[in-house]
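Engineer: Whole structure, please, built from the sequences with the hints as guidance.
Listed in order, the protein sequences are those of chains A, B, C and D.
Using this note's numbering, read the first sequence as starting at 1 and increasing by one per residue.
Using this note's numbering, read the second sequence as starting at 1 and increasing by one per residue.
Using this note's numbering, read the third sequence as starting at 1 and increasing by one per residue.
Using this note's numbering, read the fourth sequence as starting at 1 and increasing by one per residue.
Quick caveat, the hints were computed from the structure, so don't treat them as lab data.
Heads up, some of the hints might be wrong.
SDA-like mimics (lysine to any residue), calculated; alpha carbons at most 25 Å apart, straight line [stated by the list, open to error]:
1. C:K330 x C:T305
2. A:K150 x C:E177
3. A:K131 x C:R186
4. B:K100 x B:G152
5. B:K131 x D:A54
6. A:K137 x C:K455
7. C:K455 x D:K330
8. B:K137 x D:G354
9. D:K330 x D:A258
Quick list of simulated restraints, FRET-style, between CB atoms [unchecked claim]:
10. C:D280 x A:M85: 57 to 63 Å
11. D:L146 x B:N95: 44 to 50 Å
12. D:E34 x B:R158: 18 to 24 Å
Built from N, CA and C at the ideal position, the CB exists for glycine as well.
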Amino acid sequence: MKYITSINGREYRIEIVDEHHILIDGRTQHVDFVSISGQPIYSLILDGRSYESFVYETEEGWQVLMRGRQYVMTVEDEREKRLRMAGGRGAAESNEFHLKAPMPGLVVSVPVQEGQAVTKGQVLVILESMKMQNELKSPRAGTVVRVRVKPGDTVEQRQTLLSVQ
Amino acid sequence: MKYITSINGREYRIEIVDEHHILIDGRTQHVDFVSISGQPIYSLILDGRSYESFVYETEEGWQVLMRGRQYVMTVEDEREKRLRMAGGRGAAESNEFHLKAPMPGLVVSVPVQEGQAVTKGQVLVILESMKMQNELKSPRAGTVVRVRVKPGDTVEQRQTLLSVQ
Amino acid sequence: MVTKVLIANRGEIAIRIIRACRELGIETVAVYSEVDRQALHVRYADKAYFLGPAPSRDSYLRIDKLIDIARKSGADAIHPGYGFLAEREEFAQACADAGITFIGPKPSAIAAMGDKAVARATVSKAGVPVVPGTEDVGNLSDNELLAIAPKIGFPLLIKATAGGGGKGMREVRSLEEMPTLLAAARREAEAAFGDGNVYLEKLVEGARHIEFQILADAYGNVIHLGERDCSLQRRHQKLVEETPSPIMDEDLRQRMGAVAVKAAQAVEYLNAGTIEFLVDKDKNFYFLEMNTRLQVEHPITEMVTGIDIVKEQIRIARGRPLSYRQEDIKLTGASIECRINAEDPYNGFLPSTGRITQMIIPTGPGVRVDTGVFAGSEITPYYDPLIAKLIVWGETRAQAILRMRRALEEYRIVGVRTNIPFHQSLMDSTRFLAGQYDTRFVEERFAMTDPEEDKEYLPEIAAIIGTLVAHQQTQRSAQIVRRGARDTSNWKWLGRWERLQR
Amino acid sequence: MVTKVLIANRGEIAIRIIRACRELGIETVAVYSEVDRQALHVRYADKAYFLGPAPSRDSYLRIDKLIDIARKSGADAIHPGYGFLAEREEFAQACADAGITFIGPKPSAIAAMGDKAVARATVSKAGVPVVPGTEDVGNLSDNELLAIAPKIGFPLLIKATAGGGGKGMREVRSLEEMPTLLAAARREAEAAFGDGNVYLEKLVEGARHIEFQILADAYGNVIHLGERDCSLQRRHQKLVEETPSPIMDEDLRQRMGAVAVKAAQAVEYLNAGTIEFLVDKDKNFYFLEMNTRLQVEHPITEMVTGIDIVKEQIRIARGRPLSYRQEDIKLTGASIECRINAEDPYNGFLPSTGRITQMIIPTGPGVRVDTGVFAGSEITPYYDPLIAKLIVWGETRAQAILRMRRALEEYRIVGVRTNIPFHQSLMDSTRFLAGQYDTRFVEERFAMTDPEEDKEYLPEIAAIIGTLVAHQQTQRSAQIVRRGARDTSNWKWLGRWERLQR
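Structural biologist: This is the structure:
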């Protein structure tokens, strides 16, 4: 199976040859890759070097946390990439962003309103949790739609608070 | 449900009244009893006192390990006890004892042979495991039957090595 | 007599206190809220009593219930830990009224020092230098504060009178933004401490936050155990503490220590306490506040002095004289503490909740971990995000840093995100290595390590790992699809698989 | 130069060495057998190489493969840990031949001290007192040994020439039983060390086993770091070690320390080593043997001296002079180590294998745990049963014991049985508290706590817990039976339930 993996705009072409071999950018490497006790911690021994990392799947892509550094990447196989390229990039970006509560908490304030234009990084909701007031920010510019909460509401983890179009 | 629980010949009559109450030897006590994270560790809060123990089910009965002390007990409900009493104690004791390997290992020697009479505590098999030679002893007096291993054999955990009648 | 101690707290500090009691042969009584039934402090204590629902004000802040449980359980003393009721005069008074020893200072000292404004006035009278601010009164109205603010000058800080730990604190750059910030600070203070009073204080720029640990017995003996540098903060929450402070010299230590002792004496202080100072670039120091309780960061002082501060607290509460004189206190080596919080440094330090499914804590020489969680613990949104304190000791500061690096790298916590990567970045930063930081460093000048300058930046390895995990998931999904062939829609199965992965 | 160290070991000691290297900025290379792929030492090292199948002689004892991996990985030094190849002259020689620094003594010193019989002859010549025995030769035949035995006198010990840790050791009470015991000892020695040679030694009754830690550099400096009392043994396996020894006084320490240094000098010793003595009731002491490697119990010395012995080993191997002179060594407080083994003290100390499903290790002030296992680790029958070392420090011996008690009580290991209950019983025994024990105490005069004399004997509580668990199981089985109603045989379902419980 061949994959194209992108980190910060740099692409790595990685082919899984068999259980113990991969081709990366044309070079063959010996890999020994296991998940530790079935947890999302992975140990990789690559040509004798030992690496361990946490791997999380998120809406933004795969997050690999290794030696204190976090790498965010997309992994696509060739078919997926062709499909995406055919569909065009614009389509994906025009999707709505749904702001979800990262943890249960109390809505302290909602400093935006429906129809308001917001910039990337602008605070959308202030949520109190763990005795702290946490600012939830917009990951991109857009227009606020469907505000579903108001100050004083108690929300569950992953509950959608509002959307940005 | 009413139980008769015996430790070292002493009987405790314990009735489970509901999720939070038991009757022990006629006294009502408030219990809060949980297994920690689904493991065989149990936390008991009994009238405000906090106890924690490991509980194992073995062929000899339940083992409760608490504050470094191990208690071995049988727990029977009233029906089971009546059945056992009707059947008589003798029947249970005449059962064969099957010596099983407590861990994988190498049989170093079998200092008994079939038909030989053995006393309680007599060494039946010497098994090497974890770089140590471990003496497996007879839990009671009887006669050796069906010796299934010989020196040099590699055995799996729980494999039956021989029986005592 | 102190023979049975009720610990009016939870988490790592409750366990810390249970340990001290157990090593002194004293019985312990734990209390717990609905979500803490399986918590370690409940499991490690001799007795345990249910307090109430998860929110603090229904459980760990319920003075009536705590006193009631102390009576019922036969506890003759209460240790408040830090946070919750630790600095509430009425709690200490309620203990006294019930004939229960409060392991801490007298209510009068808590009152004098607990109200930060009164505290500043008190020590100022005793000749201790203070930061300019509304040190005389702590219950001014918004209008009064707005009137005084320009006289103090901007930037200034709004701080909770009853507070600590940065809760109810706001920085004000101009009069215009002050009303909004005042309201926010009062609201947060009210929620955290049940007291919305605030005061103002001049913001000393480029300052270091340096505190002195104090021990005082009932016989008028007061000693200090040296300093802790707590300048590494984010949103006024301490993140890393170290001792000795990189800016300290023996002369400054003696002078600040003497002032700290004087401040404690000004309120006839009893038991363990901490005098916090701001130190400016010219090593002028100002009294900031006194914490009339055990500090989160007390272990680093224990590491360099060999003194068990919690045991010493209990001895003092028993009416014994201090085990040490000032000249017995020798500081050996260096110690650092990293506060491990359930928050994601790669996502704006947002708190992270969930169940810890696996945990490997670093151990070995010179490493101490104070924690209240284990694999199976649920991190809830009800309490603060501190899940562990990682403390190291080294013969020198450099060795302590190297040891901290290896300990951070060894730490594995699965199930919630933690700020361990932040600490790893910090331990690698040249400013930290050089000891050159102030209280604004983390927020204003620190960034997670820049990949370009980082020998540990390994994107190709990360790409391989991410690809292998994605590949494994695809393979497994395909298997499930094959197994579920009778289902007409493969996508449903994929959806289910993804849910299983959560 | 030592810039990359291959650790020719596994388990807690491999991790201990990785930690020292990491704190010195040195790269590490781990090796692993088939069953150790997920072991912590593999995960914590910078590099990791597969050795071979699980049995030691196919993996951790393969000198050829180790040297090969050192070359391939670019390692310029090898640390052997303890056990396995740590005291094999040919391994040190193979390293030297390959131009790799062996972190330990020279092959000649290993040869001189590693052959216990030669060692005794060597130090005896230097004026060090030895226990009577066949100290001159270690490769005598059975007939020769049977002829010499009566001259030494019974009881005596058969000991493995290449050995240590009680392997290949047998106690002989009469000439009649000696041939059988000789055969057993040789067989065990052959299996453990690949060398069936044995020697004889008079059994000193009522003896204490006291050893001195030695450090020696390449410039002729030799110092000792005080003693460790290792008398608490079972089947010649150390279980608990402490320092200072309860029988030690400063005069005896100086005399024994001087003799220990002399013994090390007799073989031009380099690096860390340990001189073991037997001390009889009148405080006469006899050289027993020298361990030419790091000891399992080295941490207790680190706790009271503040010296990191493994780092010191690496410095010495780098050709640096010792960081300390004898007069710098100060012993502060007391330290105890309990070896946590996967064996069941309630079932004849039989080893226990299986997967660890949960683990909570004790932490907090004065507690150190050196371990190589975590929740998820498989304890296999291939290696020794030591899964962790629990080490505590206290200002006094009494405080160390109290701390050890609380740490043992906190420790939770689920999935395998451990000897923690044994240690708990021992820490409660009056003989241990009084410091009155000898090398036979555990086997001959110690019993797990007698319930009748035990304030912690709580059979009623145990009965309640056992009953509640049995009740829960019955309830759940009944539910499964109901759910499985379509099945004609309920018993099948019960059987399945029980299997699920395993």
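Engineer: Are the Cα atoms of K137 of chain A and K455 of chain C separated by 25 Å or less?
Structural biologist: With Cα atoms ~31 Å apart, K137 of chain A and K455 of chain C exceed 25 Å; violated.
Engineer: Does K330 of chain C pair with T305 of chain C here, judged by a C-alpha cut-off of 25 Å?
Structural biologist: Judged against 25 Å, a Cα distance of about 6 Å means the pair holds.
Engineer: Is the hinted pair K131 of chain A and R186 of chain C satisfied, with a Cα-Cα distance of at most 25 Å?
Structural biologist: holds (14 Å)
Engineer: Next pair to validate is K150 of chain A with E177 of chain C; report whether the Cα-Cα distance is within 25 Å.
Structural biologist: holds (23 Å)
Engineer: When you take the CB atoms of L146 of chain D and N95 of chain B, is the distance between them in 44 to 50 Å?
Structural biologist: holds (46 Å)
Engineer: Does 57 to 63 Å hold as the CB distance between D280 of chain C and M85 of chain A, or does it fail?
Structural biologist: Given about 59 Å between the Cβ atoms, the range holds.
Engineer: Next pair to validate is K137 of chain B with G354 of chain D; report whether the Cα-Cα distance is within 25 Å.
Structural biologist: Satisfied, since the Cα-Cα distance of roughly 22 Å is no more than 25 Å.
Engineer: Need the status of pair K131 of chain B, A54 of chain D: alpha-carbon distance at most 25 Å?
Structural biologist: With Cα atoms ~13 Å apart, K131 of chain B and A54 of chain D stay inside 25 Å; holds.
Engineer: Does K100 of chain B pair with G152 of chain B here, judged by a C-alpha cut-off of 25 Å?
Structural biologist: With a Cα-Cα distance of about 17 Å, the restraint between K100 of chain B and G152 of chain B holds, given a limit of 25 Å.
Engineer: Hint check: K455 of chain C vs K330 of chain D, CA-CA at most 25 Å. Holds or violated?
Structural biologist: violated (40 Å)
Engineer: Taking 18 to 24 Å as the stated bounds, is the beta-carbon spacing between E34 of chain D and R158 of chain B within them?
Structural biologist: holds (22 Å)
Engineer: Does A258 of chain D lie within 25 Å of K330 of chain D when you go C-alpha to C-alpha?
Structural biologist: holds (16 Å)
The structure fails hints 6, 7 (numbered hints given earlier, in ascending order).
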